[in-house]
Amino acid sequence: MSLFARTLKPATALARLSRQSARFYASETAAAAPAAGKLVVNFALPHAAILKGTEVNQVDMSAISGDLGILADHVPTIEQLKPGVIDIISDSGSAKYFVSGGFAIMNPNSVLNINAIEAFKLEDLDPQAVATNLAESQRLASSAKDEVTKEAAAIEVELYEAIQTALSGKS
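If you read the sequence shown in my numbering, its first letter stands for residue 41, the second for the next number, and so on.
Rather than coming from a laboratory, the hints here were simulated on the basis of the structure.
Errors might be hidden in some of the hints.
As the list claims (entries may be wrong) - Under the rule of at most 27 angstroms between Cα atoms (straight-line distance), these lysine-lysine pairs were calculated in the BS3-like manner:
hint : residue 1 : residue 2
1    : 78        : 161
2    : 161       : 122
3    : 161       : 136
4    : 92        : 78
5    : 92        : 161
6    : 122       : 190
7    : 136       : 92
As the list claims (entries may be wrong) - Pair by pair, the computed Cβ-Cβ distance ranges are:
hint : residue 1 : residue 2 : range
8    : 105       : 134       : 17 to 25 angstroms
9    : 188       : 93        : 36 to 44 angstroms
10   : 186       : 95        : 43 to 51 angstroms
11   : 195       : 107       : 19 to 27 angstroms
12   : 190       : 76        : 48 to 56 angstroms
13   : 84        : 134       : 13 to 21 angstroms
14   : 179       : 104       : 24 to 32 angstroms
15   : 95        : 192       : 36 to 44 angstroms
16   : 76        : 188       : 50 to 58 angstroms
17   : 186       : 117       : 25 to 33 angstroms
18   : 165       : 191       : 19 to 27 angstroms
These figures come from a predicted structure and were not determined experimentally.
We treat Cβ as the ideally placed atom computed from N, Cα and C, and that holds for glycine.
Using the sequences provided together with the hints, build the complete structure.
As structure tokens, then:
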């Protein structure tokens, strides 16, 4: 047996062991599959988990690529969320959240992970406060003397307009 063959044999055995352990871990996660026709949702913010392993029927959301309706067995995808409403529909009703941005990751096992920067229940937002802050942001955007201030105000205007649209039910 050559030196190369003797060196390769232990490496091959090690690779075979590592593949077996990788399959072991993958098979463990497959055991937590949702009920037929259900979607499992994990919805997290940097400081809190809104939903964790919750079975729902459908999730509607606004992404950069367009509006999405996610059902069980949806094609795996990664979407960047734009400011808008996430509507989580379950047997017990619908829960609507306004998110300022984030990502949604649809996995092949009917698990949807939503990671948002900020999220608020739509019913907790005050339309009058939104209108006041929108007017102030528009004033700042039009009167800004430097580009950085103008761009920051423009982002605020976009956000408050998205909140107003969500509150008016046009989302």
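To see whether the hints hold, each was checked on the structure:
| no. | hint | result |
| --- | --- | --- |
| 1 | 78 with 161 | holds (23 angstroms) |
| 2 | 161 with 122 | holds (16 angstroms) |
| 3 | 161 with 136 | holds (6 angstroms) |
| 4 | 92 with 78 | holds (14 angstroms) |
| 5 | 92 with 161 | holds (16 angstroms) |
| 6 | 122 with 190 | holds (20 angstroms) |
| 7 | 136 with 92 | holds (16 angstroms) |
| 8 | 105 with 134: 17 to 25 angstroms | holds (23 angstroms) |
| 9 | 188 with 93: 36 to 44 angstroms | holds (42 angstroms) |
| 10 | 186 with 95: 43 to 51 angstroms | holds (50 angstroms) |
| 11 | 195 with 107: 19 to 27 angstroms | holds (21 angstroms) |
| 12 | 190 with 76: 48 to 56 angstroms | holds (52 angstroms) |
| 13 | 84 with 134: 13 to 21 angstroms | holds (20 angstroms) |
| 14 | 179 with 104: 24 to 32 angstroms | holds (28 angstroms) |
| 15 | 95 with 192: 36 to 44 angstroms | holds (40 angstroms) |
| 16 | 76 with 188: 50 to 58 angstroms | holds (52 angstroms) |
| 17 | 186 with 117: 25 to 33 angstroms | violated (39 angstroms) |
| 18 | 165 with 191: 19 to 27 angstroms | holds (24 angstroms) |
In summary, the one numbered hint that this structure violates is 17.
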